[in-house]
Amino acid sequence: MGAESNLADFHEQGSLIHRLCVLLVCLVWPLIWVGGLVTTYDAGMAVPDWPGTYGYNLFLYPYKTWLLGPFDLFIEHGHRLLGAVVGLVAICLVASAYFRERRRWVVVLTWGLLLAVISQGLLGGMRVVWSDRTLAMVHGCFGPAFFALCVAAAVVTGRRWNGYWARLGERPLSPGCVALVVAIPVLSYTQLVLGAQLRHVQPNAAPGGFAMIVATHVIVAFFLWFITMLAWLRIRRCGDLTLSRPAGLLIGLVGIQIALGVGTWVVNYGWPTILDWFPGSTGFLVRAKGFSDSIIVTSHVATGSLILAVSSMLLVRVLRSQHCLKSNVDRDVAEPTEYEYRNNTEQQVLEPATV
Amino acid sequence: MRNAVLIAVCFILGCDARIETFLPNRVFSLSLEKTRGASAERATEDARRVVQELYGTPDDPSWPLPDNNLADLQNLVRSSGPVSSEKDGTHLGLFREHCVVCHALEGSGLGAASVFQNPYPRDFRHGVFKWKSTERGKKPTRHDIRQILVNGIPGTAMPSFALVDPEDVDALVDYVIFLSTRGEVERRVIAAAIDELDYGETSPEDGWELDSRNEGEGGEVVHEVLERVHADWAETQDHEVPVPSFSDLTGKALAASIARGKEVFHGKVANCAGCHGPSGDGSLPTLDYDDWTKEYTTRIGLTPDDDEALKPFREAGALKPRRIMPRKLQGGVFHGGGDAASLFRRITQGIAGTPMPAVEVVSEPNGKGLTVEEIWDLVRYVQHLSTSR
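If you read the sequences in order, they're chains A and B. Here the first sequence is numbered in the working numbering, starting from 1 and rising by one per residue. Here the second sequence is numbered in the working numbering, starting from 1001 and rising by one per residue.
Hints are supplied without guarantee of correctness; some may be wrong.
In silico EDC-like pairs for lysine to aspartate or glutamate, Cα to Cα no more than 20 Å straight-line [to be verified]:
{"id": "1", "chain 1": "B", "residue 1": "Lys1130", "chain 2": "B", "residue 2": "Asp1288"}
{"id": "2", "chain 1": "A", "residue 1": "Lys326", "chain 2": "A", "residue 2": "Asp240"}
{"id": "3", "chain 1": "B", "residue 1": "Lys1311", "chain 2": "B", "residue 2": "Glu1041"}
{"id": "4", "chain 1": "B", "residue 1": "Lys1252", "chain 2": "B", "residue 2": "Glu1373"}
{"id": "5", "chain 1": "A", "residue 1": "Lys64", "chain 2": "B", "residue 2": "Asp1088"}
{"id": "6", "chain 1": "B", "residue 1": "Lys1320", "chain 2": "B", "residue 2": "Glu1308"}
{"id": "7", "chain 1": "A", "residue 1": "Lys289", "chain 2": "B", "residue 2": "Glu1086"}
{"id": "8", "chain 1": "A", "residue 1": "Lys289", "chain 2": "B", "residue 2": "Asp1170"}
{"id": "9", "chain 1": "B", "residue 1": "Lys1034", "chain 2": "B", "residue 2": "Asp1305"}
{"id": "10", "chain 1": "B", "residue 1": "Lys1034", "chain 2": "B", "residue 2": "Glu1308"}
{"id": "11", "chain 1": "A", "residue 1": "Lys289", "chain 2": "B", "residue 2": "Asp1165"}
{"id": "12", "chain 1": "B", "residue 1": "Lys1130", "chain 2": "B", "residue 2": "Asp1232"}
{"id": "13", "chain 1": "B", "residue 1": "Lys1262", "chain 2": "B", "residue 2": "Glu1360"}
{"id": "14", "chain 1": "B", "residue 1": "Lys1087", "chain 2": "B", "residue 2": "Asp1165"}
{"id": "15", "chain 1": "B", "residue 1": "Lys1087", "chain 2": "A", "residue 2": "Asp42"}
{"id": "16", "chain 1": "B", "residue 1": "Lys1034", "chain 2": "B", "residue 2": "Glu1045"}
{"id": "17", "chain 1": "B", "residue 1": "Lys1252", "chain 2": "B", "residue 2": "Glu1263"}
{"id": "18", "chain 1": "A", "residue 1": "Lys64", "chain 2": "B", "residue 2": "Glu1086"}
{"id": "19", "chain 1": "B", "residue 1": "Lys1268", "chain 2": "B", "residue 2": "Glu1373"}
{"id": "20", "chain 1": "B", "residue 1": "Lys1294", "chain 2": "B", "residue 2": "Glu1308"}
{"id": "21", "chain 1": "B", "residue 1": "Lys1130", "chain 2": "B", "residue 2": "Asp1339"}
{"id": "22", "chain 1": "B", "residue 1": "Lys1130", "chain 2": "B", "residue 2": "Glu1240"}
{"id": "23", "chain 1": "A", "residue 1": "Lys289", "chain 2": "B", "residue 2": "Glu1167"}
{"id": "24", "chain 1": "B", "residue 1": "Lys1130", "chain 2": "B", "residue 2": "Glu1360"}
{"id": "25", "chain 1": "B", "residue 1": "Lys1320", "chain 2": "B", "residue 2": "Asp1288"}
{"id": "26", "chain 1": "B", "residue 1": "Lys1087", "chain 2": "A", "residue 2": "Asp49"}
{"id": "27", "chain 1": "B", "residue 1": "Lys1087", "chain 2": "B", "residue 2": "Glu1167"}
{"id": "28", "chain 1": "A", "residue 1": "Lys289", "chain 2": "B", "residue 2": "Asp1088"}
{"id": "29", "chain 1": "B", "residue 1": "Lys1328", "chain 2": "A", "residue 2": "Asp276"}
{"id": "30", "chain 1": "B", "residue 1": "Lys1328", "chain 2": "B", "residue 2": "Asp1288"}
Chain B regions said to be covered by chain A (calculated; three or more residues, Cβ under 8 Å) [as the list claims (entries may be wrong)]:
{"id": "31", "segment": "1078-1084"}
{"id": "32", "segment": "1112-1125"}
{"id": "33", "segment": "1160-1172"}
{"id": "34", "segment": "1320-1334"}
No lab work stands behind these hints, which were simulated from the structure alone. Every residue gets a Cβ at the ideal spot worked out from N, C-alpha and C, and that includes glycine.
Based on the provided sequences and hints, a complete structural model is requested.
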């Protein structure tokens, strides 16, 4: 009974924290979308003051003026409000982890999340106060990193973290395969930084530097696609669907992202010469501020963040799997780890017939 | 406290570099050095100073002739500076929001994304525009520039601003005129400094230095240039090319007109087929360049393919020379508009800055020009070609 009670407590305690982490993930991706729209519409300076909005407290700004006012104001103030909501959820997460989470490093992680969201808010605020494009770029790069951190927090607070991996009887993944899984988020983030430099290009930037970044961005995109394929080929038969499915998903996401990248270029600069064989390309007309065009551009930004998040999730799961499986192999004799103990106890609880 | 945090973070991460001035036109200076055999460095630097006194900076523009209604200063202020917007949705920093990534701050066409464009973005500083309703050598009207902004240029990176607030478009028209006059004044002042004021390795004698205050020889030269360039822009309405009435034909009359137009297309006078190809597919090889490229290549005796000779120009910012291609008439894509009036003007005036020649309009067929009716036949044939592939 004692073990059952402990496990029930453990899940109950972990459940709220995990749900808050998932809520964060569900809020941050839309936040990235709205932030992307703000940049696409050059609306970053639609509200010139910070942390207030035109002299009002952020939460007290007249909602009618916000909802019925200019589109720039709508998305910029909306971005701030959504960011504030994310901050409040992060505070709730820290509080619940402080009182209910036993793992000290997870508590530290939740504090890290709160610190990250505050930093991101500060960056966004400074971008406004100083009307600074470089800070806008840093703000744009930090958002996806925060998103990936939220996803990692959701993974480590999930049920599977404590009970899933140790039941596997397979051998750990090879070091080469793990290296591939590490490379994907690293390359994804490199792509985000390169893309941010193209998106927030300085008005006096030289053509040579811009061209070099474009070329690197394109080459790394295809290299990343190749790496995701290699990783999937190595992972697909590991027997763990929580690894092989995200690995397969990444191939599709990077493929979609490349297509969106081409679309982003086309709606900004027309069809590139190497694609002038494409039907309709010679007469294509670029439209400034077209809504569907802005959605293509923004979805390229958001999908980049999604790739980083999924690849980070895969990485955390793989590292966890490696850790647990190596523990099994090294010990060779069943001396249950803390997690195996919990897992075994969980199985006993869930499947009393096997006791 | 907040400022301390801001300063600390910016110190760590870095901030935007301030844009204090427009960059000088180094490519033109090098071309002048080649043709005049004299150093243009000193003249370029003094011209940059004088032009800045007259026209201001990228963040703080000014208009040197207040009695001239070419450009509204309020619109220039709205178009310049960093991108931002006001509570009522009014956008500021319009040029940086919409144009700078291709056309660059100076309107030099050397923006960050310029190398990927074909054709290259327009360099406004020459004061030469391709798509307009005026005579070949004249400036475009405000309406012409506005039309290009609203319609865009299909098949290129030049977007349509049809969805942008019309007031923003008007402000951008003013800013394009501002950059063009500013750039042309700068070019002419550098040339005048060398040709008329004895600029060379060193500055000229006292009183002959370039001056924005209309004092001394240098000041007079500057103001002569200024008034000349502004006058060219002010009188554009007087140089609009009138378009005779055009009849919409149908049936046999249209077919006959198209057939006559085909003969004109292949005839000796117009000889359109000589460049655009017998079937108008633009497939004939070409060795020609536009005037913007010729300025730092063929006109100063340099071969466009000679990378070594062009190295100083490339380092000064010149884009790699790219041959100009005659329009493929079959695709139905006309960069400057495919309506009858636009085509009429293009045939009778040619296209400024390009090898596309003008055809003389004559009252009677004489083997040297085309009559109005022959031009309309040609227009109908070109429009007919544009619907075939």
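Quick rundown of the hints versus the structure:
no.	hint	verdict
1	B:Lys1130 / B:Asp1288	holds (16 Å)
2	A:Lys326 / A:Asp240	holds (16 Å)
3	B:Lys1311 / B:Glu1041	holds (18 Å)
4	B:Lys1252 / B:Glu1373	holds (16 Å)
5	A:Lys64 / B:Asp1088	holds (14 Å)
6	B:Lys1320 / B:Glu1308	holds (12 Å)
7	A:Lys289 / B:Glu1086	holds (18 Å)
8	A:Lys289 / B:Asp1170	holds (16 Å)
9	B:Lys1034 / B:Asp1305	holds (18 Å)
10	B:Lys1034 / B:Glu1308	holds (15 Å)
11	A:Lys289 / B:Asp1165	holds (10 Å)
12	B:Lys1130 / B:Asp1232	holds (16 Å)
13	B:Lys1262 / B:Glu1360	holds (18 Å)
14	B:Lys1087 / B:Asp1165	holds (15 Å)
15	B:Lys1087 / A:Asp42	holds (14 Å)
16	B:Lys1034 / B:Glu1045	holds (18 Å)
17	B:Lys1252 / B:Glu1263	holds (17 Å)
18	A:Lys64 / B:Glu1086	holds (17 Å)
19	B:Lys1268 / B:Glu1373	holds (17 Å)
20	B:Lys1294 / B:Glu1308	holds (17 Å)
21	B:Lys1130 / B:Asp1339	holds (16 Å)
22	B:Lys1130 / B:Glu1240	holds (14 Å)
23	A:Lys289 / B:Glu1167	holds (15 Å)
24	B:Lys1130 / B:Glu1360	holds (19 Å)
25	B:Lys1320 / B:Asp1288	holds (14 Å)
26	B:Lys1087 / A:Asp49	holds (11 Å)
27	B:Lys1087 / B:Glu1167	holds (16 Å)
28	A:Lys289 / B:Asp1088	holds (18 Å)
29	B:Lys1328 / A:Asp276	holds (13 Å)
30	B:Lys1328 / B:Asp1288	holds (16 Å)
31	1078-1084	holds (count 3)
32	1112-1125	holds (count 7)
33	1160-1172	holds (count 5)
34	1320-1334	holds (count 4)
The structure meets every hint from the earlier list without exception.
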